[in-house]
Amino acid sequence: AQKITQTQPGMFVQEKEAVTLDCTYDTSDQSYGLFWYKQPSSGEMIFLIYQGSYDEQNATEGRYSLNFQKARKSANLVISASQLGDSAMYFCAMRVASDNYGQNFVFGPGTRLSVLP
Amino acid sequence: NAGVTQTPKFQVLKTGQSMTLQCAQDMNHEYMSWYRQDPGMGLRLIHYSVGAGITDQGEVPNGYNVSRSTTEDFPLRLLSAAPSQTSVYFCASSLGLAGELFFGEGSRLTVL
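Protein chains in written order, with this note's numbering: chain A, 62 to 178; chain B, 26 to 137.
Zero decoy hints are in this set.
Which residues of chain A face chain B? A few of them, derived with a C-beta cut under 10 Å, are:
hint: 1; residue: 98
hint: 2; residue: 104
hint: 3; residue: 153
hint: 4; residue: 156
Now the stretches of chain B that chain A is said to cover, found in silico as 3 or more residues with beta-carbon under 8 Å:
hint: 5; stretch: 57–67
hint: 6; stretch: 125–134
From chain B, some residues computed to sit far from chain A (all C-beta separations above 10 Å):
hint: 7; residue: 33
hint: 8; residue: 36
hint: 9; residue: 39
hint: 10; residue: 52
hint: 11; residue: 85
hint: 12; residue: 86
hint: 13; residue: 87
hint: 14; residue: 94
hint: 15; residue: 95
hint: 16; residue: 97
hint: 17; residue: 102
hint: 18; residue: 109
Since the hints were made in silico from the structure, they are not lab data. The C-beta atom is built at its ideal place from N, Cα and C for all residues, glycine as well.
Isolated chain A (complex conformation):
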């Protein structure tokens, strides 16, 4: 079954420090995509970063990088130089082929990150 696991319900990090949010995934598909979304307290879902299963380089977007280890089926999000505004819920998600049509997205339960001043 397609599944995303995020084992850290909550994380704390000191401002300006780096933090890694864990994500492991389970799929038998060869072609899939991995995403991270941020949900601040205001509730909207903000796309952060994407990694394709065939991408050999780890994805980076500004202070966000995705540590993709295909053999371990992990796609950890690394946030460098944490800022107070990074305090939010973070969701790891996977795009896979659906049973019937096209594609679907599967989400993990999320990790709540708190950045301490």
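Use these hints to put chain B onto chain A, whose structure you have.
The following block gives chain B in isolation, referenced to the frame of chain A:
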């Protein structure tokens, strides 16, 4: 650029009432979907559509109906609301098999 627009943002229903959550996107995305978000469970897929006239069930479809008559609109219908449907609902769309999901702002539904 409106993106994905959901209405209403808040709604309170009594058990047994029906309602429709509206979702519209102006990005010409073929793929649209509805999720519900409950504490500790992430987002769970309710229904999705890969184009006008094509819909399918997700992980938690019971109690919800959808239809897709146009590329732009993908309404979610609750036929007889139950307290278990109290949740935050998100509509999302994406461009076919590539690209990320674009989300609406969410709709908070409370069923008493």
